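Enquirer: Chain by chain, the residues:
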Amino acid sequence: MKVQENQAPYMELTDIDKTFGITRALQGVSLKLYAGEVIGLVGPNGAGKSTLMKVITGVLPPTSGSIRIAGKEMTGKYGAKEAKEAGIACAYQDLSLCTNLSVYENFALLNVDHKLVSKAGWRKLARQSAKELLEKYFPNNGIDVMASIEKLSLADRQIVEICKTLMTDNLKVLILDEPTSALSTDKARQLHEVVHQLSSQGVAVIYISHKLDEIQLVSDRIVMMRNGQVTGEFDAQEIGTDELVEKMGGEKKAREQKTEGQDSISAEKMVDVDGLNSSLLKDIHMYVNKGEIVGISGLVGSGQTDLLNAIFRAHKKAGVRTKEGVLVNGTIAYVSGDRSKEGVFQLWDIEDNILIANLDQVKEKGLLSSKKSDSLAQHWYDKLKFRAEGIHSPIMSLSGGNQQKALIARGIASGADLIILNDPTAGVDIETKQEIYSLLDEAKKEGKSIILYSTEDSEIEICDRAYIMHEGAIAEELKGNDITVSNIVAASFKDVGKGKKNDKEEKQENALVRLLKAPTTLPVLTLIVMIFANASMNRNLLSYMGFEMLVGSAVPLVFVALSQMFIVVSGDIDMGNGTAIGLINVLFGVIFTGNPLVGVIGMIIFVAAYVGMGALIHIRRIPAIVVTLGAQYIWLGVALVLCPTPGGSCPEWFMAFYDFAFPLIPMPVVISVAAGLVCYYILKRSKYGMVLRGIGNNPVSVERSGWSYMTARLTNYGIAAVLLILSGMSFTAVCRSADANGATTYQMLSIATIILGGCEMSGGKVVPMGVAAGAVAMTFITTLLTSLRIDSNFQTAVTGGILIAVLAIKLISHRKEANK
Amino acid sequence: MKAKQWVEKHSFIWPLVGTIILWAMIVAVSGRFSMNQLFSCATLASFSLMLGLGQTIVITSGEGAIDLSGTYVLTLAAYISCTVMKQNAILGILAAVAAGALVGLINGIINIYLKVPAMITTLATGYIVFTIVLIAAPHMNSLPNSGFVKLITTNFGGLTVMTLICLAVSALLAVLLYKTKFGKNLHAIGQKREAAKYAGISVPFTVIATFTLAGAIAGFAGVLCGAYIGGAFQDMGTSYFLPAVAAALVGGTLASGGRSSVMGVIFGALMMSFMSTFLNAANLAPGLQRLIQGAVLVLILVASVSKKD
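Protein chains in written order, with the working numbering: chain A, 1 to 820; chain B, 1 to 309.
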């Protein structure tokens, strides 16, 4: 929709500056957003587009400049919350979904009212509205709203992410950052339709894309950015794609002619890649000579990093061509620009960070010499002109640029024949960049080979040769003075023709395969096999009485395993639940039988203590494993104080309840199934259950949707404590006495059980019914071994063996899935 | 500020201060002071120290790794050493250490190649080792070689040979951790495995070697423990698990990996030993002893482990 005359902008940014240290990411950027207008934002990599979007969404405060929304001055008090209130939303490129929750739950997390309970049937409504939402914007999308996100393809996830953003009520400004990078052509077309629709409803859309034809199709106005500045605004109808490409290349950067340095290049090949193919790379042929700097460029995500990794993998066998077809005749050093994930060792100082790849150089009689270490580190410290207090300054106290210097020193100091640089100047100031270039030049003169991948196109100009990649293939090879930003940009958009992105249609799995893959299948199957195995040993076990006896001893494990599950769902682990059961055993069998009121108060204090423990873990960020280990002693200590020697009894009424002759189905079976069902209800059916599971997977996403991470985590600890009380009570009924030390084996057993039950130790993936079935199956295994007259000592080994077997089975099925 | 940084860098100060306070409390309770109090506590600390050192290197390898099999390895090694030492003392030590190393090697291989988290791996192998102990124990000799016992209990001005051996092992481990390439690599993978890979470090080799070494140390602890306490029994390892983990963590070893302190483990183990000696000396009920131990432990962990930001 075109902007009307005299229309006032909804959002107005004036003279925005944003500096990081000495890097100027944005310089005097002014932008007006009008209701109903679609702005196509284009510019080469590193132009400052993402920074600008972060300013608009309130994630980053601008260093200077003013922000006005609907005519109101917002400068100085503009944050993420204000942006949300103003109806500004962004579909993130790094998806912000909880992958363990289903599609509709991810929507519901945001738009269901945040009270603890909702009217019955809200799930049905949520499913319905999720389906409608997806259908409204992406007709015939074929996304199953019941499926969990992790089962979806990347394209479908992107659609869900976009739709989640569209759910923002009072949507006024929508930012789409490379929204079609994973989408097929017809899905992209649907998205363009969505954009038009929104614009006609008066929503301002900022559409960021490297696909210029797409930009022209959807936008009214095209804004071009370069080097942190807006360098042009064009009417989308009036400018052609070629013209855009040309303008993006910009004026040619003054650069001395490449005459010197050519003679250092020898004809000897350092790297030779011959027909490299992978899921992301298509038939790559390239080489690097000795003493040559070769650039890799192209749009972000065209397979550059995969190519670098394939070459790096060859470092294990220098001089031999790998199966992939990569030959490297020498040693390799790798410098990553993703410092926080792949580069710096955050606990170390500059010296250690430089030396880690060069330890052989500072050895003296087989040991590392600190004198040699200091002098080598000092050499590089002086050479690279670090801005720090000295070689022993902690690496994290340095600016990004200085951290990068340490990484480059690490790479060059190693004396490797080939240095691979993966976007080494990301977030580095200009001065440091120049220093890095001259270092590379020096290394080249020494006969080293260098591969430089940069997301900043102008940087490729320092190379002798460059390969421009597009969609996993090499689109063009540029040489010497032909390496200019405009040539790079032109080549980046060149259609390589081969290897079109094909939409992989997921094969519909047949019902049997799906059943076999269901997480409850393994524990239930184990349970059934165990029942038959036990029955074949002893017919009587299939009777009412036999079942009652058998399952009766399993009930404490059912509860403790479910308790462990509630801790694991938040991503933690409980190493002290065995002695905690002992404490409950004492509280119930000794204290409660003496004075019920004191017993009940004791149990309430116990739940409070568990929640307190959770709070300690959350607030002080101590690993749960450590705190629960310590707490183990506290539970045991309290239990021993209350009951130094085994004794006590189980209250009559509880025994009566436990032994109650339930018609047809024995009581312990009823209890076990009920326990599993209640936990299933809490986690998978109740509204708050989504939050309880979500925090174990993506706490940031849960908090963004307006729920408290801490409350949910403490709730999990509280429920776990209640389940431990039930476990301790049933344990008392089984033993008919109390012993502080009697239940310690449950600790390890509970972990083994949840693994058998189909849970994962991280990621919030839990299976309540599987855990209940697994707990009973575990107990049956013990019974079977007893009736087989196998030494009872083997039981622990069987538990260990089951653990490894279950995990091995999982690994194999995961691999198969990954291969698909 | 300076002092704060110094303490942060030398966090073995925490358990050292704890040791001194506890010693003072023992003196106050018992009404007498002697160096023997230190020496006997040091002797008793040996086993938690050994297990703690093994635990430390496993934890330092990062990714939330912890070794739950160490205590069972200690028990198995004690039986093996007692049995083989009937023939030959040296052979007995070697066999026990080799058995420990083998368990560690298996742990490492399962962890790396089956991608099973270290905690689950060692839980499972721990179960299996324990079973071997339960089944094999009745057929094995549980009494130590008297010559070996005599050797390690020999006294040098109060310090037993066993204490000296443990200190020597600690010193060797410190050299390995802080003065060799392997040690640096271990600390690197503990901080960031991806970065370590790009720095040219073989992550699988380092992890497997670390687990193997931890197993070997636990095996050696079994040799000493079996001899010192007068023989092997089936549950002998269990009581050292918590003190060992505590010793590892209170002295500056990061639970998330990448930073270790051998000095911290030494004082950590000593402090744990002083604590139980004090609780015994104070004549408290066993329940109260456990309670105080647990509470103090959690408090120390809150002070030394937690991140403040």
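If you're looking for bench data, these hints aren't it; they were derived computationally from the structure.
Wrong hints could be hidden among the right ones.
[As the list claims (entries may be wrong)] To give an idea of the interface, some chain A residues facing chain B are shown, with a C-beta separation under 8 Å as derived from the structure:
1. Gly-343
2. Leu-368
3. Arg-410
4. Ile-531
5. Gly-630
6. Ile-634
7. Leu-636
8. Val-638
9. Met-761
Source: prediction; values computed, not measured.
The beta-carbon is built from N, C-alpha and C at its ideal position, and this holds for glycine as well.
Enquirer: Hint by hint, say whether it matches the structure.
Expert: Right, here's what the structure says about each hint:
1. Gly-343: holds, 6 Å
2. Leu-368: holds, 5 Å
3. Arg-410: holds, 7 Å
4. Ile-531: Violated: closest Cβ of chain B sits about 24 Å from Ile-531 (chain A), beyond 8 Å.
5. Gly-630: holds, 4 Å
6. Ile-634: holds, 4 Å
7. Leu-636: holds, 5 Å
8. Val-638: Since chain B brings a Cβ to about 6 Å from Val-638 (chain A), closer than 8 Å, the hint holds.
9. Met-761: holds, 6 Å
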